[in-house]
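Please arrange chain B on chain A, whose structure you already have, making use of the hints.
Protein chains: 2
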Amino acid sequence: MHRLLLSLIFVFFTASNAISNENDPKPNITEFTLENGLRLVVIPDRRAPVVTHMAWYKVGSADDPQGSSGIAHFFEHLMFKGTSTYKDGEFSSAVSAIGGQENAFTSWDYTAYYQKVSPLALADMMKFEADRMRNLVLTEELFLPERDVILEERSGRVDRSPSAILSEFSRAALHVNHPYAIPIIGWEHEIAKLKMVDAIAFYEKWYQPWNAIIVVAGDVDPQETLKLAKATYGKIIATTKPSEREWTSSPSSVVAQTLEYKDERVTQPSWQRAFRAPSYSIAQEGEAEALDLLSTIMGGSATSRFQKEIVLEQELATAAGAFYQGSSRDMSSFGFYAVPRGDTKLEDVAKAVEAQVDKLLKDGVTQEELDRARQVYLKTIIFSQDSQITLARIFGSVLTIGGSVDDFTSWPDRLRKVTVEDINKVARKYLDRNRSITSRLLPKEG
Amino acid sequence: MHRLLLSLIFVFFTASNAISNENDPKPNITEFTLENGLRLVVIPDRRAPVVTHMAWYKVGSADDPQGSSGIAHFFEHLMFKGTSTYKDGEFSSAVSAIGGQENAFTSWDYTAYYQKVSPLALADMMKFEADRMRNLVLTEELFLPERDVILEERSGRVDRSPSAILSEFSRAALHVNHPYAIPIIGWEHEIAKLKMVDAIAFYEKWYQPWNAIIVVAGDVDPQETLKLAKATYGKIIATTKPSEREWTSSPSSVVAQTLEYKDERVTQPSWQRAFRAPSYSIAQEGEAEALDLLSTIMGGSATSRFQKEIVLEQELATAAGAFYQGSSRDMSSFGFYAVPRGDTKLEDVAKAVEAQVDKLLKDGVTQEELDRARQVYLKTIIFSQDSQITLARIFGSVLTIGGSVDDFTSWPDRLRKVTVEDINKVARKYLDRNRSITSRLLPKEG
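First to last, the protein sequences are chains A and B. Take the first sequence: its position 280, counting from 1, is numbered 280 in our numbering, and each next residue is one higher. Take the second sequence: its position 174, counting from 1, is numbered 1174 in our numbering, and each next residue is one higher.
Next up, chain A with everything else stripped away, as it sits in the complex:
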C-alpha cells in the first residue's frame, strides 16, 4: 500500500508534466511556512473542480506515552466532537451539507484529518480545522463513552480477527523495545484505563501549529490558498514550544522467532516471515529503492518468482508474495507471505518460500528480472487508481516522516540507478533467517 502510495507521485509528476510542460521536470508544488511554524503544501490538480484539504500532525501511536497506548488514535474520535466555537458534529454537518467527504487516519508516525469538497468551501474547511487544532472541548461526558466506542472498535478489528491478533504480537516481536510495537488502536487493557487528563496533555503537547502540515491538493491557486491559510491557521498561537519526538529503539541484534496462533475461527491458514529493514527515511542511499524492486521481483507481480514457482508451477499456494513497507519514519520491515492451497501443509508452503529465498541469496537476481521488475513496478502504478485523496496522502506522509518534495521528484531517477548488485546486496544484508520473525496462523483443532 505504502509502496504504491509513494510511487504514485512519480506517475502524477510524469502525467502532469507530459500535459502541462514538457520542459519542466518539476511538478508545480508550492510550500509555505507560516510564522507560527505551520507548514502549507499546495499541489495543483485541476482534473476536476474539487479540493482535498488535509491537516497532518507529526504525532502517532509511536508517541503514545508508556502505558497509555491508544491515545494518539483516540483523537480520531475526539476531533469530531465540539470545540469552544462549534457544537459537537457541526463541522461534519457542514461537510456533508455540501456533499463533501471527510475522514481521519492514524499511523505510528502521524495522524491526519481531511475533507474533500468544492474549492469554494476551502476557506470554511480551514476555519473549522484551525479551530479544532486548539479549541477542542474535552469533558468526561464525551471522553468516557468514546472510550467504550474505541474498545468496541478494537474488539471488532482485532479480537474478532485471528490474523490481527497474531499480527499484533509479530509486530511486537519485530520491534522489541521500540514504540512501533504498540498497536495503533492501543492494547485493550491500556485503552480501558485512558483518562481524560491523558488526552488533554497529549492534545496540548502535539496539536500545535508547529507540529502541523496542511496539504491542499486540487483546483486551487497557491497564493490564494496561502491567503486563506494565513487568515485561519495563521491566527493560531502555539501554547507550547516544539516538542522532540523521543522514541526508544530496538537492540540491533535480534533472535529468530516463530509465533504460532491457533484459533477456531481460522478458515485459511497463512504463513509470513518478516525482517527488519530500513525505511525510505533511514535507509542508506539506494537501499530502499533496491528493497522495493527486490520485493517486486520476489513477490510483487504476476510474473514474480513466488507467483511463477510456488503458485503456478508447484501449486502449493493460492497466494504468495513479498512486501516492503518503506514509508515510515524509523525502522521498517521486509517480508514474505504465503497462503497454502487446499490441503497443502503450512510447513510445505513455508519450505517452498524458504527454498526461493535460499536460491535468491545464493544466486542473486538477473539483469532481466531487474529490468522487468522496474517496468512492472511502474506499470502497476500506472494502472492503479490514483485519486486526489491518495495524492494528498502521499505528500502528507512523505513530509510528516521527514522527507521533502525533492526527495520524491528524484524517485524515478533513483530507481533507474539500481543495479543487480544493489539488489543482491540488500537481500543478503537484510534477509537473515536467524534474525527473522515468522508468523503461523492455523485453525485450532477440535
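A hint or two may mislead.
One-sided excerpt, in silico: chain A residues whose CB lies under 10 Å from chain B [unchecked claim]: (1) Ser118; (2) Trp187; (3) Thr248; (4) Lys444.
Anything over 12 Å on all C-beta distances counts as not near chain B; from chain A, calculated [claimed, not checked]: (5) Lys81; (6) Ser107; (7) Asn177; (8) Met196; (9) Glu246; (10) Thr258; (11) Phe275; (12) Glu315; (13) Ala319; (14) Phe323; (15) Ser387.
Hints listed in this document are in silico derivations from the structure and should not be mistaken for laboratory results. Since this is a predicted model, take the numbers as computed values, not measurements. Just so it is clear, CB atoms sit at the ideal spot from N, CA and C, and this is done for glycine as well.
Leaving out everything else, chain B in the frame of chain A:
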C-alpha cells in the same frame, strides 16, 4: 534460587524455635519504621558473632525510565564512589580493613547493598550506608568511565554468552509491554547513551529514606540496633515525597512463540518453555504454593517425573527440570527445560517433555506424588546451606516486593493445605502451550 530463598525462612524459623522456645511459634523478628519512613527489620541470628547489614531500595530495573534501561543497575557501581562526606573507596576500605564482606545486587524489583561484619562495626556501617543514600557525588569524570565498565560487563555477561542472548529475547517475549522485558543490566544501545543527569534524577527520585528497608541479621539487640539506626538513618531528611512505581502491564492474551538462537559458540544445545504465572505477590490464595509443589513434582528433584522418565528411563536428556520463580512483585513465570543427551535431537527431548506435560494435564498428579514433593521440598531446604546473608536476603526481597514477615511465617501451613486438586488446577490454568514462550539454543552449523 528464589524458591529456595523463600523456603529457607521456614527452616530458620523451625530450627530457631526448636532451640529457643518450643511454645512460641513466631520468630523473634522486630520491625520498626523511623519518622522519615525508613523501615528497619532486625532478625536475631546468634550462631556466630557476625552481623549482616543490608540496605534495600524498592527500585529496580523495572523502574528504569523508558529508553534508559540499565540506570537502576548503574547504581551498583555508583554507590561505591565518593560522597560529600567520604572519598571514593573509603567505605569499601573500611569494610575490608576489618575483614568484612560487601556487595550489591539489582533485580527488576529492587536494589540492595550489604556488608557482613563484626557487630562492633554495625554503627560504622550504618553511618556509611546512610551517608551514601543521599550524599553521593556524581560527576562526569566518574560517570562516563563507569559506563564503559558496565558496557564491558554486559559484553562479558551477555554478548559472550549465547544462552544469555537468547534469554534476553525470551524474557522480552514473555513480558511483552511490561518492564520485566528490560534486561537488568540494560540494553547495550541504551546503556551507551545513559547520561549523568539520568543518574541524578533516578537517585533523587528513589534513594530516599521512605523507599529504603534496612535489614539487620545477626548477633545484635533490636533496641540497640534501632538506636544506631535512629542516630544514622534517622537523621536523613527526604528531599522528595514518595513516588509511585508505575509499571505498564502485558496484554492478557499472548500468542505462542518459539525463539531460536544459533551461535557457533554453543557446545550444548538446550530447550526451554516458559509460561506466565503469578508470583507470590499477586497469586490467588493457594496458587503460588501449588505452583511451587508442581514444579517439584515435575522437575524439582531426583525423583521428579522428568528425572525418572526423561533423564533415567528414556535417556534423552542429561538434565531436565521445572522452574517457578514466585519471588517477584508482578507477573512471573513457570517453565520447563531440558538439555539433550549426546546426539539426541533437541526436537526429540522437547517432545518427551511435552508428552510429560500432556500426561500431567490429562491425568493430574497423585496424592503420593504430592506428599513426596512436600517432603522433598522441605528436605531440599534443610540440606541446603543457609547463611546469614541468605537469611537477610530472604527478608529484604520479601519486604521489598510487598510481602510481610507474617506472610512468611504462615508459609509451612499454607504448603500443608495444598491438595492434589489445587495442583491440577494451576497446571491446567497456567500451562497452556498456546500461550507459551519456547526457547531453542543450537550450535550454528558450518
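Does the structure break any of the earlier hints, and which numbers would those be? Failing hints, ascending: 1, 7, 9, 10.
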